[in-house]
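Note that this note's numbering has the sequence shown beginning at 581, numbered continuously upward.
Read the hints as simulated data drawn from the structure, not as lab findings. Be aware that one or more of the hints could be misleading.
[Said to hold, decoys possible] What follows is a set of in silico ranges between Cβ atoms, one per label pair, in the way DEER data are often shown:
| no. | residue 1 | residue 2 | range |
| --- | --- | --- | --- |
| 1 | Val743 | Glu663 | 15 to 25 Å |
| 2 | Asp744 | Asp639 | 36 to 46 Å |
| 3 | Lys702 | Tyr676 | 17 to 27 Å |
| 4 | Tyr706 | Asp671 | 11 to 21 Å |
| 5 | Lys643 | Pro699 | 37 to 47 Å |
| 6 | Asn620 | Val680 | 21 to 31 Å |
| 7 | Arg611 | Arg703 | 27 to 37 Å |
| 8 | Tyr676 | Ser746 | 42 to 52 Å |
| 9 | Lys601 | Gly633 | 22 to 32 Å |
| 10 | Asp639 | Val743 | 33 to 43 Å |
| 11 | Asn669 | Lys702 | 35 to 45 Å |
Heads up, the beta-carbon is just placed ideally off N, CA and C, and yes, glycines get one too.
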Amino acid sequence: MRGRKTFNAINLAGVIAFSGKKVVILDLDMRKPKIHLGFNVENNRGISTLLIGKDTVNDCIIKSSLENLDFITAGPIPPNPSELIISSNMDQLLEYLKKVYDIIIIDTPPVGIVSDGIPIIKRADYPLYILRANYSRKMFVNNINKLIDESKVKKLSLILNGVDLSKLKYGYGYNYSYGYGYGYGYGYGYGYYEEDHQEPTFMDKVKGIFIRTKKKD
581 MRGRKTFNAI NLAGVIAFSG KKVVILDLDM RKPKIHLGFN VENNRGISTL
631 LIGKDTVNDC IIKSSLENLD FITAGPIPPN PSELIISSNM DQLLEYLKKV
681 YDIIIIDTPP VGIVSDGIPI IKRADYPLYI LRANYSRKMF VNNINKLIDE
731 SKVKKLSLIL NGVDLSKLKY GYGYNYSYGY GYGYGYGYGY GYYEEDHQEP
781 TFMDKVKGIF IRTKKKD
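Assemble the whole structure, with the sequences as input and the hints as a guide.
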């Protein structure tokens, strides 16, 4: 699910920081961390070393060049990312950061490839799911229902990156009032329409933008 989630996380954090809110980004994608690359820093300490007690929060928080924006890199790849994410130390870290920052933005592992991030997504106030037009697999759109129905993720929003509006059909553009935000999750109502004499739904149009897998869904 290469929807450029890290790119979106950093840019969203920057916009919020410009508004005067204190923001911190956490890189919980410990298998393939990217936040340190976005800020051009080393990744020799971070979430992984913090959660095992090797480093303190103050050791790991890095101030960006932008006022009000801090971040914590993922740290060295641990053998047990899932266990660290659901540990009591993770709970304590989030509770501490809530007292220091106005907004916490978490870059979780791609949902659908691994399940590491689901416990965190379920706790998020505004979980966001990111898809990239002409790049993300159609199966990732179909998976959205699983997050909502099976994992009970609430208030899930969707970001669709890389859309060429000139190629969209049906004259839809972006004039609907769905109000999607920044997305991490799975999709909405697939198959909830009559096949005969029924206009394609928004999600039907979204699915048409993605690459189909060779195996029939």
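Do the hints match the structure? See the list:
For Val743 and Glu663, the Cβ-Cβ distance of about 38 Å falls outside the hinted range of 15 to 25 Å, so the restraint is violated. The given range of 36 to 46 Å is respected by Asp744 and Asp639, whose C-beta atoms sit roughly 44 Å from each other. Taking 17 to 27 Å as the suggested C-beta distance range, the pair Lys702 and Tyr676 conforms, at roughly 20 Å. For Tyr706 and Asp671, the Cβ-Cβ distance of about 19 Å falls inside the hinted range of 11 to 21 Å, so the restraint holds.
At about 28 Å, the beta-carbon gap between Lys643 and Pro699 misses the expected band of 37 to 47 Å. For Asn620 and Val680, the hinted distance range of 21 to 31 Å is satisfied, since their beta carbons lie about 24 Å from each other. Between Arg611 and Arg703 the beta carbons are some 20 Å apart, a value that contradicts the proposed interval 27 to 37 Å. Evaluation of the 42 to 52 Å hint for Tyr676 and Ser746 yields a pass: the beta carbon distance comes to about 47 Å.
Range check, Lys601 to Gly633: about 30 Å between beta-carbon atoms, so the 22 to 32 Å window is met. At about 41 Å, the CB distance of Asp639 to Val743 agrees with the hint of 33 to 43 Å. For Asn669 and Lys702, the Cβ-Cβ distance of about 18 Å falls outside the hinted range of 35 to 45 Å, so the restraint is violated.
When the structure is compared with the earlier hints, violations turn up for hints 1, 5, 7, 11 and for no others.
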